[in-house]
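> Letter by letter, the chains look like this.
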Amino acid sequence: MKAKAAVSASILLVTTLLLILLSPEPAASVRGFFSGPFRNLYSFGSFLASASLLTIAGTGAALAFRGGAFNLGGEGQVYCGAVSALSAGLLLPALPGNLGTPLLLLAAAAAGFFIALFSGWLKYRFSIHELISTYLISSTLVYICDYLISGPLRDEESFLIATPRLPEVYTLQQILPPSPLHTGVFIALTTALAAHLWLNRSVRGYRLRIYGENPACIRFAGIREKTYALLPIALSGGLYGLAGGVALLGIHFRGIQGFTAGLGWNGIAVALIAGLSPAAAAAAAVLIAFIEIGISAAMAGASVTYDLGLMIRGIILIMVTMKVFTSNRKEELL
Amino acid sequence: MKFSGTSKRWSAAALTLLLVLTVPAGIAAAGRAEAPDDSYRIAVFVPGVTAGSPIYEMLAEGARRAADEFDHARANIIEGGTNQGEWPGKIASIAAQGDHDLIVTSNPAMPEIVNEVSQRFPDQKFVFMDGYLEGNPSIYTLRYDQYQQAYLAGYFAGLVTSSTMEFAGEQLKIGLVAGQEYPDMNQSILPGYREGAQDAAPGTEVDFRVVGNWYDASRGKELAREIISGGADVLLPISGGANYGVLEAAIEGDAYVIWYDTSGYHEAPGTVIGSTAIMQDTATYETVKAAIEGSLPFGSADKAGLQEGMVTFITDDPLFEEHVPEDIRRALISRMEELAK
Numbered sequence: 014m015k016a017k018a019a020v021s022a023s024i025l026l027v028t029t030l031l032l033i034l035l036s037p038e039p040a041a042s043v044r045g046f047f048s049g050p051f052r053n054l055y056s057f058g059s060f061l062a063s064a065s066l067l068t069i070a071g072t073g074a075a076l077a078f079r080g081g082a083f084n085l086g087g088e089g090q091v092y093c094g095a096v097s098a099l100s101a102g103l104l105l106p107a108l109p110g111n112l113g114t115p116l117l118l119l120a121a122a123a124a125g126f127f128i129a130l131f132s133g134w135l136k137y138r139f140s141i142h143e144l145i146s147t148y149l150i151s152s153t154l155v156y157i158c159d160y161l162i163s164g165p166l167r168d169e170e171s172f173l174i175a176t177p178r179l180p181e182v183y184t185l186q187q188i189l190p191p192s193p194l195h196t197g198v199f200i201a202l203t204t205a206l207a208a209h210l211w212l213n214r215s216v217r218g219y220r221l222r223i224y225g226e227n228p229a230c231i232r233f234a235g236i237r238e239k240t241y242a243l244l245p246i247a248l249s250g251g252l253y254g255l256a257g258g259v260a261l262l263g264i265h266f267r268g269i270q271g272f273t274a275g276l277g278w279n280g281i282a283v284a285l286i287a288g289l290s291p292a293a294a295a296a297a298a299v300l301i302a303f304i305e306i307g308i309s310a311a312m313a314g315a316s317v318t319y320d321l322g323l324m325i326r327g328i329i330l331i332m333v334t335m336k337v338f339t340s341n342r343k344e345e346l347l
Numbered sequence: 014m015k016f017s018g019t020s021k022r023w024s025a026a027a028l029t030l031l032l033v034l035t036v037p038a039g040i041a042a043a044g045r046a047e048a049p050d051d052s053y054r055i056a057v058f059v060p061g062v063t064a065g066s067p068i069y070e071m072l073a074e075g076a077r078r079a080a081d082e083f084d085h086a087r088a089n090i091i092e093g094g095t096n097q098g099e100w101p102g103k104i105a106s107i108a109a110q111g112d113h114d115l116i117v118t119s120n121p122a123m124p125e126i127v128n129e130v131s132q133r134f135p136d137q138k139f140v141f142m143d144g145y146l147e148g149n150p151s152i153y154t155l156r157y158d159q160y161q162q163a164y165l166a167g168y169f170a171g172l173v174t175s176s177t178m179e180f181a182g183e184q185l186k187i188g189l190v191a192g193q194e195y196p197d198m199n200q201s202i203l204p205g206y207r208e209g210a211q212d213a214a215p216g217t218e219v220d221f222r223v224v225g226n227w228y229d230a231s232r233g234k235e236l237a238r239e240i241i242s243g244g245a246d247v248l249l250p251i252s253g254g255a256n257y258g259v260l261e262a263a264i265e266g267d268a269y270v271i272w273y274d275t276s277g278y279h280e281a282p283g284t285v286i287g288s289t290a291i292m293q294d295t296a297t298y299e300t301v302k303a304a305i306e307g308s309l310p311f312g313s314a315d316k317a318g319l320q321e322g323m324v325t326f327i328t329d330d331p332l333f334e335e336h337v338p339e340d341i342r343r344a345l346i347s348r349m350e351e352l353a354k
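Residue numbers (our numbering), protein chains in the order written: chain A, 14 to 347; chain B, 14 to 354.
Treat the hints as calculated values from the structure; they're not laboratory data. Mixed in with the good hints, there may be bad ones.
[Stated by the list, open to error] Some chain B residues close to chain A (C-beta under 10 Å, calculated; not the full set):
1) Val62
2) Thr63
3) Gly98
4) Pro101
5) Gln132
6) Arg133
7) Tyr278
8) Ile327
[Said to hold, decoys possible] Pair by pair, the computed Cβ-Cβ distance ranges are:
9) A:Phe51 <-> B:Ser52: 19 to 25 Å
10) B:Gly182 <-> A:Gly164: 31 to 37 Å
11) B:Tyr228 <-> A:Leu189: 33 to 39 Å
12) A:Ser152 <-> B:Phe311: 42 to 48 Å
13) B:Gln184 <-> A:Ile331: 51 to 57 Å
14) A:Pro228 <-> B:Glu239: 49 to 55 Å
15) A:Leu189 <-> B:Glu265: 52 to 58 Å
Every residue, glycine too, gets a C-beta built ideally from N, C-alpha and C.
All chains, please: the whole structure from these sequences, using the hints.
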């Protein structure tokens, strides 16, 4: 726990240092960064909304890692999840909201689940490493989703590359107007908690962890290996898809080209900071969301260029995976 | 593996150093006095990045120039990046912050995004250059006459394709490569281009292609190649970064290019032989100045073209004079004079 606090503290400190070194107006940037989420109701709400999405994605990333799988296809799984929910919402006949919303979220999760399951199967059947297959499949799917949004689903009247809005009955309840905070925050907390309990208190969760650490052990125990070769990565994909669905129904309400970009990679960052623990994912998501909102605020206050913002974000993500942090974390885990 | 004592000490030292360096700076920053209340703060929201985008450079430049004329005004440039999906959230967070008296932005897509944001933050004033929205009391828009601008490009293209210039082919055929289809493209630019060409050389056909985004230069090149091999000899790319792919194809395929919105003669002398332009810097300067003075009619939407001097075809560039025969230049200029009346 101490180590995690140290990780978080040093990330915030390095960010500050970078802003001081690189911003044209260091004082305004630093002030903007730290006050980021707390400047007003709107920024606080969007901070929590963003943390919710990251919690779901981060839990998904963590589940794959714990089961010994690398799911690098988060970007495509999130986007496909969102686009599946979107297509279902736009193309299917109208449903009442209390039925439609869960159904669309299910469509989102199912899309991510099956995409990742396919990579798991390629690994199990043909020994194609999921490290490469998830990534390649995801990269292709991003283009397909881009095409769907700019082609068949496109709103011709819009100046944006975007689809029409979903019927309002499907959208998640807003809870802190005018901010974009919505009931997805409860979905996120439930997801992280459920994943934590399942992983640590259930037999299957226990086996999944054992499989992640030593697949041979599961084999010699006479447990069906296939289940644990496919389950972690498929569940991971399912949660990524769900994150895409929540982003759609809670924040955007329509598809805009590239609207979920970044969530997949940031999910991995969340999982790594959380030491691969779903329970800690919410806390790690809060940290990443803080950095995201803080960087935006620093940019808005002091003419920091967009590219510089991206660079600072990139440096932070690299730090997260540094050996100094990971070696300590492993000790806590094992 | 346990942390060795040395690396632990190193980490501790590094952390302490960071703390020593950053915390005082943070405190100093937080304690800095806010700008006085009577100041007029302008946020220029760039939907993209400024560097390398002349239209947005002109937007920033115009707003800065207006702000510099007043002691109490200050313009702050905020870049939104190229992901359209992030723009609504970013512009909403600037509006929510509430410390800017005016948000200036430019892009035909912005009114659609902001109209919704504006309902949540009704007190925030917005100015859109190159956009159109009427009737929202917090929003003023100024759009350029896209029909007229495209008409000029088309008229020039028609003159060239029917001429005896080196690369002008047999067919009366010209091309237009768009980044995406959107209402202005379909309702103003394409018809303007087509009608301009028709007026210059009756019977001229327009080969219209769409890239599908504003950055894919290789796709732009591929489309331009197809257009050129179809017999067109003048191309008008309106496709952002993909314009450079079109340009490459034209250089390789011996065709001419007309640049849109900003002067493009220097991009490829001899290939880019014409350039329409919008005076976004002047227009932004005048609009923002009126806003600071309090005389801008929020709620209304204006349109500016040749008559107002906000849309033009650049005819005084030496490269234009060097590469375009005199009779074509004269025909174009006299048509512009007629339109400006």
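> Take the hints in turn and mark each one as holding or not.
Going down the list of hints, with the structure as the test:
1. For valine 62 of chain B, the interface hint holds, since its Cβ comes within 10 Å of a Cβ in chain A; the closest pair sits about 5 Å apart.
2. Hint status for threonine 63 of chain B relative to chain A: holds, with the closest Cβ pair at about 8 Å, below 10 Å.
3. The restraint placing glycine 98 of chain B at the interface with chain A holds, with a minimum CB-CB distance near 3 Å, inside the 10 Å limit.
4. At a threshold of 10 Å, the smallest CB-CB gap from proline 101 of chain B to chain A is about 8 Å, leaving the interface hint in force.
5. Against a cut-off of 10 Å between C-beta atoms, the interface hint on glutamine 132 of chain B holds, since the closest Cβ of chain A lies about 9 Å away.
6. With 10 Å as the threshold, the beta carbon of arginine 133 of chain B comes within range of chain A, its nearest partner Cβ sitting at about 4 Å, so the hint holds.
7. A hinted interface residue such as tyrosine 278 of chain B counts as satisfied when its beta carbon comes closer than 10 Å to some beta carbon of chain A; here the least separation is about 28 Å, so the hint is violated.
8. A hinted interface residue such as isoleucine 327 of chain B counts as satisfied when its beta carbon comes closer than 10 Å to some beta carbon of chain A; here the least separation is about 26 Å, so the hint is violated.
9. The beta-carbon spacing between phenylalanine 51 of chain A and serine 52 of chain B, approximately 23 Å, falls within the hinted interval of 19 to 25 Å.
10. Judged by the Cβ atoms, the range 31 to 37 Å given for glycine 182 of chain B and glycine 164 of chain A holds: they are separated by roughly 32 Å.
11. Here the CB-CB span from tyrosine 228 of chain B to leucine 189 of chain A is close to 36 Å, well matched to the stated 33 to 39 Å.
12. Checked against the hint of 42 to 48 Å, the pair serine 152 of chain A and phenylalanine 311 of chain B passes, with Cβ atoms roughly 45 Å apart.
13. Under the hint 51 to 57 Å, the C-beta atoms of glutamine 184 of chain B and isoleucine 331 of chain A, about 55 Å apart, fit the expected range.
14. Look at proline 228 of chain A against glutamate 239 of chain B: about 52 Å separates their beta carbons, and that is inside 49 to 55 Å.
15. Remark: the range hint 52 to 58 Å for leucine 189 of chain A to glutamate 265 of chain B is upheld by a beta-carbon distance near 56 Å.
Hint compliance for this structure: hints 7, 8 are broken, all remaining hints hold.
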